[in-house]
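Undergrad: Here is how the chains run, residue by residue.
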Amino acid sequence: MAVAGNTLLHVEHLTMRFGGLVAVDDLSFDVNEGEITALIGPNGAGKTTVFNCITGFYHPSEGRLGLRHGDAAAWDMLDALTDSGARYRSQRGGTLFLLERMPDYLITHQARVARTFQNIRLFPGMTVLENLLVAQHNRLMRASGYTLFGILGLSSYGAAERAAIDKARAWLERVGLLDRADDPAGELPYGAQRRLEIARAMCTDPVLLCLDEPAAGLNPRESAELNELLLSIRADRGTSVLLIEHDMSVVMEISDHVIVLDYGVKIADGPPRAVRDDAKVIAAYLGVADEEEVAEVEAEVG
Amino acid sequence: MSASGDRAGEQPRAPRGPAGPIPAARAIDRLASSVREAAITAALAFGLFLPLIGFETVTNMRNEVTLKTRWPLLFAITAAVAIGRLAYMLTLGPALGRRRLRAAPAPSAWRARAGGLFVPFAIALVVLYPALVIVLNGSSGALKWIDNFGIQILIYVMLGWGLNIVVGLAGLLDLGYVAFYAVGAYSYALLAKTFGLAFWILLPLAGILASFWGILLGFPVLRLRGDYLAIVTLAFGEIIRIVLVNWVDLTNGYAGIGGIPRPTFFGIPFNAGDDGFAAVFGLEFSPLHRTIFLYYIILALALLTAYVTVRLRRLPVGRAWEALREDEIACRSLGINTTNTKLTAFAMGAMFAGFAGSFFAARQGFISPESFTFIESATILSIVVLGGMGSQIGVAIAAVIMIGGTEIMRELDFLKDIFGQTFDPTQYRMLFFGLAMVVIMVVRPRGLISRREPSVFLRERKTISADLVKEGRG
Ligand SMILES: Nc1ncnc2c1ncn2[C@@H]1O[C@H](COP(=O)(O)OP(=O)(O)OP(=O)(O)O)[C@@H](O)[C@H]1O
Ligand SMILES: [Mg+2]
Chain A
1 MAVAGNTLLH VEHLTMRFGG LVAVDDLSFD VNEGEITALI GPNGAGKTTV FNCITGFYHP
61 SEGRLGLRHG DAAAWDMLDA LTDSGARYRS QRGGTLFLLE RMPDYLITHQ ARVARTFQNI
121 RLFPGMTVLE NLLVAQHNRL MRASGYTLFG ILGLSSYGAA ERAAIDKARA WLERVGLLDR
181 ADDPAGELPY GAQRRLEIAR AMCTDPVLLC LDEPAAGLNP RESAELNELL LSIRADRGTS
241 VLLIEHDMSV VMEISDHVIV LDYGVKIADG PPRAVRDDAK VIAAYLGVAD EEEVAEVEAE
301 VG
Chain B
1001 MSASGDRAGE QPRAPRGPAG PIPAARAIDR LASSVREAAI TAALAFGLFL PLIGFETVTN
1061 MRNEVTLKTR WPLLFAITAA VAIGRLAYML TLGPALGRRR LRAAPAPSAW RARAGGLFVP
1121 FAIALVVLYP ALVIVLNGSS GALKWIDNFG IQILIYVMLG WGLNIVVGLA GLLDLGYVAF
1181 YAVGAYSYAL LAKTFGLAFW ILLPLAGILA SFWGILLGFP VLRLRGDYLA IVTLAFGEII
1241 RIVLVNWVDL TNGYAGIGGI PRPTFFGIPF NAGDDGFAAV FGLEFSPLHR TIFLYYIILA
1301 LALLTAYVTV RLRRLPVGRA WEALREDEIA CRSLGINTTN TKLTAFAMGA MFAGFAGSFF
1361 AARQGFISPE SFTFIESATI LSIVVLGGMG SQIGVAIAAV IMIGGTEIMR ELDFLKDIFG
1421 QTFDPTQYRM LFFGLAMVVI MVVRPRGLIS RREPSVFLRE RKTISADLVK EGRG
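Residue numbers (our numbering), protein chains in the order written: chain A, 1 to 302; chain B, 1001 to 1474.
No lab work stands behind these hints: they were computed from the structure.
Among these hints, one or two may not hold up.
Simulated restraints on C-beta separations [stated by the list, open to error]: (1) B:1084 x A:20: 55 to 61 Å; (2) A:103 x B:1314: 25 to 31 Å; (3) B:1314 x A:83: 26 to 32 Å; (4) A:85 x B:1212: 32 to 38 Å; (5) A:19 x B:1373: 40 to 46 Å; (6) B:1122 x A:224: 50 to 56 Å; (7) B:1037 x A:20: 48 to 54 Å.
EDC-like mimics (lysine to aspartate or glutamate), calculated; alpha carbons at most 16 Å apart, straight line [stated by the list, open to error]: (8) B:1462 x A:183; (9) B:1144 x B:1411; (10) B:1470 x A:187; (11) B:1462 x A:179; (12) B:1144 x B:1407; (13) B:1470 x B:1453; (14) B:1462 x A:182; (15) B:1462 x A:187; (16) B:1068 x B:1056; (17) B:1193 x B:1249.
Now the stretches of chain B that chain A is said to cover, found in silico as 3 or more residues with beta-carbon under 8 Å [claimed, not checked]: (18) 1309-1320; (19) 1326-1338; (20) 1447-1457.
The structure presented is a predicted model; accordingly, all values stated were derived computationally and were not measured.
Don't be surprised by glycine CBs; every beta carbon is placed ideally from N, CA and C.
The whole structure should be built from the sequences, with the hints applied where relevant.
TA: So, in structure tokens, the structure goes:
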């Protein structure tokens, strides 16, 4: 099995059926380490379904989803791991995970894939800071001795909590929400909620960050800021990003690699420039009844 | 929440309200609608009370059941309801409606300071309560006040706080909470009678057993959500009760278990004998000693519950409970094992019910399945809901109002002078209970204290208004 060395996520023959509807049909693609990969396509193409499969919210009807940590040689274990029936396998500085075998929370906790949602899912009645602490739950849980030490008030937990707060503070500073730290998340304006959701996902220390339409509902200035945030996340943490986006200004400007879905089928895969000029992609987009989107694509593509 | 909903939320709310043309016309309008409303209410009340109050079954001399009508009473009550509704519509109703439209005002500094003093003051009051009633009523009158009011209310405060973990924090609707109370009570009763173990050993054991049952129940039902979870927990509560009724060899069925050993004062029993508490301490024997001792035990247990809950809220597990109530999917996307998190909430809540149950058995000396019916679960749940889900102070106040209020109905003998000697106020306890519930829900739809205190803050602790806090769906 030849998987390129710098591949982080390897999606093979992914199929997801809902009753008679095939939402994703035999989809294969790779996400490279340290790159921003965009997944685009018209409404209902199956993009969110792909995300739900990767992050374990859906169990794919068919297909294999491999994710690598560490050494590139880990990909050599892919077939052996598949045959063994295990969820993951480690060898010399590398670990390989099969995501389709893992429950959703372990995909975040162990395989370190974080995500945001198309309809923002914050904890609206908790403060901004609390939102970011919940994201560091597993580490804090261990530090609190699974609650036992914490109840007794041992100092080791206090130190861990201060570290978690410092980390949250650093992310808040980065997304420009430091002065709203003690406000309930539900009170933030829409654009700020989107940024908070990204910061919250980053607090889980992911190797792969999956963003479902992060620029939806943002104004041009906010979406330019988003571009910068995503580029900086990649630059200084090496976090790879998988991005669903309708806003072509975001897609064309920051992505290294674009995959186009239409009716659950991959119709194009390549660098942004090549995809933009692809006749099948233009047809797929122009075939969409949504007028706003047609205009948008025409402006970008035409 | 949808994207468009958020957008709408950003716009400042325009003040809405009736903008009638001429004040006089508006007043007539309001009168007309109020009268209409009152008429509807009267019709509803009539329909509701017709079977409840209009008819009475009386056994006559020949031991036959006959139906007697009580028209005057029925009409009097219906009229009272209608007049009450009319008065409400004309005075309080519009004011309340307007108040709801305004954004919740931030609590002033004064109120914040008063709130900070409330808890120490309340704790001092409950600690001094036995002394206070003895001074006011003398030692013979004090027994009733400490036992029926103090201990009874504190049991419900503790149960309310325990259930608050499950319902208020984790957002899991549990209608069978009394099952764990029963497990605690029977654990104590059976183990104390069979093995002669002491109260202080059995108290934690009963808690552990109850939380074990909590986990056992949790495993199958936590896949369910919302209404389904509520129904299954309700069924579980009934199953436990029915097992207690039918497993006669172990539990003695309906007859219950009597002669349960009472707690001792570090090995010294509360009796009139030579080695009893009174003799050892050179006091005159009085049943009050044990009651006061029991009062402080339940007070300590309740305070322990509150303390543990306050601490848990600031720990990752407590924050995860609240996050679960807010959005379970988001929790899973952050790597939180939601099944374990729900189980810990269930186990924690059940443990405190187990403590309370073993205390209950030790205090009563007799238990039977009658004490653990669904109405108990409903009472505890309504205390949590009325208090404001998640709020410790609110739950405590609600318990005082609901349990204290129904207990005080026993004391209102002067009502006999008004309604005649046959009037028995205790029969109206449930009516009072319902009435209090309706009033609280009308005035404060999210419970007495509905604002949420954040568990951690960077610069300044700002309370969070209730309309942002989710109630959870299981
Ligand atoms: N849980 C589900 N059950 C049944 N059908 C589903 C489910 N989830 C998605 N689908 C269907 O799968 C198809 C793809 O949906 P999906 O949400 O993945 O599209 P999308 O590309 O994210 O669209 P959009 O751009 O509108 O977000 C749609 O036809 C949708 O109705
Ligand atoms: Mg989508």
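Undergrad: Range hint 48 to 54 Å: satisfied by the CB atoms of residue 1037 of chain B and residue 20 of chain A?
TA: At 52 Å between Cβs, range holds.
Undergrad: Okay, residue 1314 of chain B versus residue 83 of chain A on CB: inside 26 to 32 Å?
TA: Distance hint for residue 1314 of chain B, residue 83 of chain A is violated at roughly 47 Å.
Undergrad: Okay, residue 19 of chain A versus residue 1373 of chain B on CB: inside 40 to 46 Å?
TA: 45 Å Cβ-Cβ, so the 40 to 46 Å window holds.
Undergrad: Does the hinted range 55 to 61 Å hold for residue 1084 of chain B and residue 20 of chain A at CB?
TA: 58 Å, holds
Undergrad: Just to be careful, I want the Cα atoms of residue 1144 of chain B and residue 1407 of chain B compared with a cutoff of 16 Å; is the pair within it?
TA: It holds: about 11 Å lies between the C-alpha atoms, which stays within 16 Å.
Undergrad: Would the pair residue 1462 of chain B and residue 182 of chain A pass a check requiring their Cα atoms to be no farther apart than 16 Å?
TA: Answer holds: residue 1462 of chain B to residue 182 of chain A is near 7 Å, not above 16 Å.
Undergrad: Examine the segment 1326-1338 of chain B: at least three residues should have C-beta closer than 8 Å to a C-beta of chain A.
TA: holds (count 12)
Undergrad: Just to be careful, I want the Cα atoms of residue 1193 of chain B and residue 1249 of chain B compared with a cutoff of 16 Å; is the pair within it?
TA: 14 Å, holds
Undergrad: Against the 16 Å threshold, does the CA-CA distance of residue 1068 of chain B and residue 1056 of chain B hold or violate the hint?
TA: Holds, at about 5 Å.
Undergrad: Can you let me know if the beta-carbon spacing of residue 1122 of chain B and residue 224 of chain A is within 50 to 56 Å?
TA: Because 54 Å falls inside the window, the suggested range holds.
Undergrad: When you check the alpha-carbon spacing of residue 1470 of chain B and residue 187 of chain A, does it fall within 16 Å?
TA: 13 Å, holds
Undergrad: Quick check: does the Cβ-Cβ distance between residue 103 of chain A and residue 1314 of chain B fall within 25 to 31 Å?
TA: Hint holds: Cβ distance 28 Å, inside 25 to 31 Å.
Figure legend: structure checked against the earlier numbered hints; the only hint not met is number 3.
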